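Colleague: Here are the chains, one letter per residue:
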Amino acid sequence: MESNVKDTELTERLELIANMMAEGRRSTTRWAWTIVLWGAAFYVAIAWSSGMFGGPIWGQHYMAWPVTMIGTWLLTWTLAGRMHKGAKAPKTTVGRAIMSIWTAMGISMFALLVPLGLSGRGDQQVCVAVVATLLGTANAASGILIKWKAQFACAVVWWLVAAASLFGSATQSLIAFLVAIFFCQIVFGIYAMICESRRRRQVQGAANA
Amino acid sequence: MPELPELNPVIHGKLRLALLSLLSGVDEAEFTWLREKTGSTDGNLGAQLMKLEEAGYVAMKKRFVLRKPQTLYRMTEKGRAALSEYVEALKQLLGNAVISG
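If you're matching them up, the sequences are chains A and B in order.
All residue numbers for the first sequence refer to my numbering, where the first residue is 64 and numbers rise by one.
All residue numbers for the second sequence refer to my numbering, where the first residue is 91 and numbers rise by one.
Don't take each hint at face value.
Stated by the list, open to error - Once the Cα atoms are required to be at most 25 Å apart in a straight line, the calculated SDA-like pairs of lysine to any residue come out as:
| hint | chain 1 | residue 1 | chain 2 | residue 2 |
| --- | --- | --- | --- | --- |
| 1 | A | LYS69 | B | ALA172 |
| 2 | B | LYS181 | A | LEU73 |
| 3 | B | LYS127 | A | ALA85 |
| 4 | B | LYS104 | B | THR122 |
| 5 | A | LYS212 | A | THR200 |
| 6 | B | LYS127 | B | ARG170 |
| 7 | A | LYS212 | A | GLY185 |
| 8 | A | LYS69 | B | GLU96 |
| 9 | A | LYS154 | B | LYS141 |
| 10 | B | LYS127 | A | ALA143 |
| 11 | A | LYS154 | B | LYS168 |
| 12 | A | LYS154 | B | GLN182 |
| 13 | B | LYS151 | B | THR122 |
| 14 | B | LYS104 | A | ALA152 |
| 15 | A | LYS154 | A | ILE207 |
| 16 | B | LYS127 | B | VAL177 |
| 17 | A | LYS69 | B | LEU97 |
| 18 | B | LYS127 | A | TRP121 |
| 19 | B | LYS104 | A | ASP70 |
| 20 | A | LYS154 | B | ARG164 |
| 21 | A | LYS154 | B | PHE121 |
Source of the hints: derived by calculation from the structure; they are not laboratory data.
Fair warning: this is a prediction, and the values are worked out from it, not measured in the lab.
Starting from the given sequences, assemble the full structure and let the hints guide the process.
Modeller: Written as structure tokens, this is what we have:
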């Protein structure tokens, strides 16, 4: 009888270790909203650069991409700082790995697209292909890292858009890009936000049980 | 008959074990996050963390973020090794119990 009690206590200890380790690893910060934000930013930049807006500032089409991208980066940084005040989730190895992938992708995009634009060597199809390939790479790496098939599916869509962009006309390339932004940024971002809030509720429920 | 392993008394306490397990999965964690995850009181949590710190299993650092004090804890290599040994000892004890049962 005493032995059974001791065994139960030891098993409880092992379960406690496993649960707490999993809890620590699960504690990633909320980032799904950034996917939607960047999707919206792409739409703004495309609309601006294609001359949909008028006026002294909006009329400067060449400023559309650099201004929108830098502005969105600043907005992401500011909002992330405000959202993660208080008892913020600690950094994990997986979280740091994902952050490094997206940071490297952002820098690569900036480093390639700015010279392409300035040198005049990048036409619209090439630029779409570059952006879509880089987004595909980052989504694939993140998807593999966290074993999320939906994100890997987004990567496949981006790669297909990149390849199709080089074979189609400028209009077809733009349409493919707009559709991919809708599904892989807006729809996937909202889906990721729903998954995040569902997981958060589950964790809170388990902690209060 | 092989000798049964002793369980490390510093780690065996439930809250201290939970804290070490939580810290093993993250780089470093704030005091408030640890309190939220364990559901412990400030006093008890502080006392247990101090015991772990005295044993050299966790390291603490204080800093100010936007003028607010923040206390961060991280697991040391010694703590990681101690937790691994504790898990091995637990498994061994449970294994022996299964065999003798």
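Colleague: Going back to the hint list, which numbers does this structure go against?
Modeller: 7, 12, 18
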